[in-house]
Amino acid sequence: MEETPHRRRAHTRTRDLERYAGLFAERTGVMRSSAMRDLMAITARPEVISLAGGLPDTSTFPAGTFAAQMTRIAQESAAEALQYGPTEGFAETVDCIVEVMGAEGMLPDPDDVIVTTGGQQAIDLICKTLIDPGDVVICEAPTYPGAVPVFCSYQAETIQVDCDGDGMQIEQLEEVLARLDREGSRPKFVYSVPNFQNPAGVTLSLQRRQRLVELARERELLVVEDNPYGLLRFGGEALPPLYQLDGGDFVIYVSTFSKILSPGIRLGWAVAPPPVMEKIVLGKQASDLCTSTLTQYFVREYFAEGRWREYVDSLAEIYRGRRDTMVESLREHFPPQATWTEPQGGLFIWATLPEYIDTGDLLAKALREDVAFVPGQAAYVDQNRGRSSMRLNFSGVKDEEIREGVRRIGKTIAEQVELYGALTGGREEVGESPSEPGPAAKDPGSAAAAPSKETPDRGEDEPTEGPGGDVLPFRKESSA
Amino acid sequence: VKVAVLKGGRSLERGVSLRSGARVEDALERLGHEAVAIDAGGDLVKRLAAERPDVAFVAMHGLGGEDGTIQELLEILGIPFTGPGVAACGRCMDKVLAKHELRDAGVPTPDWFAFNETAFRELGAADALENLEERLGFPLVIKPSRGGSALGVKFAASWFEVPEALVSAFSYDSRVLLERFVEGRELAVSVLGTEPLPVVEAIPTGGDRYDFEARYEIGRTEFVCPASLGEADAAAVTAAALGAYDALGCSGFSRVDLILAKGGPQVLEVNAIPGLTDTSLLPQSAEAAGVSFEDLVERILELALKPAAA
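First to last, the sequence lines map onto chains A and B. If you read the first sequence in this note's numbering, its first letter stands for residue 1, the second for the next number, and so on. If you read the second sequence in this note's numbering, its first letter stands for residue 1001, the second for the next number, and so on.
Hints were generated in silico from the structure; no laboratory data involved. Any given hint could be a false lead.
What the hints assert, rightly or not - Only part of the chain A face toward chain B is listed, based on derived beta-carbon distances under 7 angstroms: (1) 42; (2) 423; (3) 425.
What the hints assert, rightly or not - What follows is a list of derived Cβ distance ranges for each label pair: (4) 384(A) to 1195(B): 34 to 44 angstroms; (5) 1131(B) to 23(A): 48 to 58 angstroms; (6) 1158(B) to 411(A): 26 to 36 angstroms.
We put the beta carbon where it would ideally sit given N, CA and C, even for glycine.
Using the sequences provided together with the hints, build the complete structure.
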């Protein structure tokens, strides 16, 4: 055995920070590192039941199919599959994308499509194309936690518009747009995850979809529609994507193969009007030249079999069962003051606790019980918001673990609720009375959603069908 | 010298500890020592028995590594180790215990009350909270007694914010303290052996002074070392820090955090095993004194192997 080379260069690292700090770009100043990040790092211990992930279940993907397809690629197209590819992606991959979008009623022009390294790169490239430091971006509150660092790294000024059970509150969006008008500022785009939103699990209603698209056309405002979960519907009626309603003039569409096939192949895409696409392609060239050729070949082979839709439906079926298990467990183990969404698709449930519970601190306590979730603040740019909410993943966890995980979290919450009761001597109003909350100001959205036993998502066997098909975790009226 | 670098563990500060440990390993290798990294888990004793190191470098923070647990184990195994001993670690880790020791030794520390969770759950301690206003006044800082970094530390501007802050603090420990908020400059004095290193000042940059997490974030706090202090202030701060270090029985190295208030310094806490990452205060302080990270590590090892040399 040869001796392994030295693990690290032996340069001196003393005063490293000072040495490099002067070289850092300004944008690194808004990239966060915090005690909370360290806390999340220990959720990776093997004994921890993690409801914190965002993982699809890849365990049922037929290994035989995978092996056969990769073998065929190796035998028939080794040289090409190991070579660079076009920046926009292969035409065959785009054909697969057009087929997937067709399944949701969309008919994009193949020339408007770019294959990206996951949907995450599509978001990054769109920001790279459109955002200068200080530009305004509007997104949902809560929003996809993975989008927050992207907006931050391009130094966007991010404004979040509250969601309720029907998704982004468009009336509030209109207020924000009117205010920006008065300030003479024009937002670069509105970012929305309209189906089974990550993290809230809610779906934008048809009426709101129509209004959003109208607004976009009236104001020549770009909307970025991020739709990784649309095909993972296991209840209710499918709603038309914004892209379809708009026809692709003002809607930039983002999606991915991650949730319908595999996140490991890192294949996503964006669809944008030609002038925008031209810039996105240049941006991608600078970033990584092209998306993995090998995994594009795999997708081509896989789609040629014609069974991709069957597999997606089988995943949705698995997730339906897990959603049911999680909702059942929440009813059993969470306190009556808690509310949660009951999504009809996707991967996540969003639960909101009494406002005196900080879910970041709750996570520290829960980790002692070997269970983890994502504290709500990860879904907000303002780190003082979302502090009594949490995101729970049901797609990547087996039923028994969902039950046990929710039981443990519920036990931890019950201890907090009991303690708070003892501290306030039953004078519940004490903790909620200050009209001017201090530095630990709470999210108005979650405050509105907090203790209310009347929310329609409890005690009903059948979820109430709203126009968006999802059950309301939030009060319908807009919060301040 | 064969050095076992103990890092990681299961505490909430595992992340910082892994970074401290990695940096110590680097330095040890550059110094020509044999470094064996051990992530402290279920096989720790087996690993130590197999490796038979000459000395253990404890680069662990938080419960398990900084509270005397690992140190007790190393004593039983007869392996010399860096940093403070069992009793000092135990005293530093428990802020309530530490504050009693400080007060008994005449070291200034902000007034406080401590409560156990059972007092609230079973003895109706909530009624005693009404005395807070009169006895401590507001604002108050509420902290878990045993916890590192800023996790669970909350600021209460009024009585109404106390219950919620207590729920947060009790998430980390069954005992919490409510401490009078002292306005002043935030300072840290690291002690190496018996020598105080230059004082570091933490200045929040445009942030909220009650945002305790900001203290630990690069870019949100500016660290100045040596802090710009008058002669009298510098002497008082150093004396308070050494007083605290001695009162808690520290040895090897430790870091004392204090506030320089109008009436003089007030010691907040002593970190038995402060962070050793590239953004940590002890290494910065050593550097300001002309001690490179390698020299610092070498000196800490010497103190562990020949305590008398201190």
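Status of the hints after comparison with the structure:
Residue-level restraint check for residue 42(A) holds (minimum Cβ-Cβ distance to chain B is 5 angstroms; threshold 7 angstroms). For residue 423(A), the interface hint holds, since its Cβ comes within 7 angstroms of a Cβ in chain B; the closest pair sits about 4 angstroms apart. The interface hint given for residue 425(A) is met, as the beta carbon of that residue sits about 5 angstroms from the closest beta carbon of chain B, less than 7 angstroms. Against the hinted window of 34 to 44 angstroms, the Cβ-Cβ separation of residue 384(A) and residue 1195(B) comes to about 42 angstroms, which satisfies the hint.
The hinted range of 48 to 58 angstroms is satisfied by residue 1131(B) and residue 23(A), whose Cβ atoms lie roughly 54 angstroms apart. Evaluation of the 26 to 36 angstroms hint for residue 1158(B) and residue 411(A) yields a pass: the beta carbon distance comes to about 31 angstroms.
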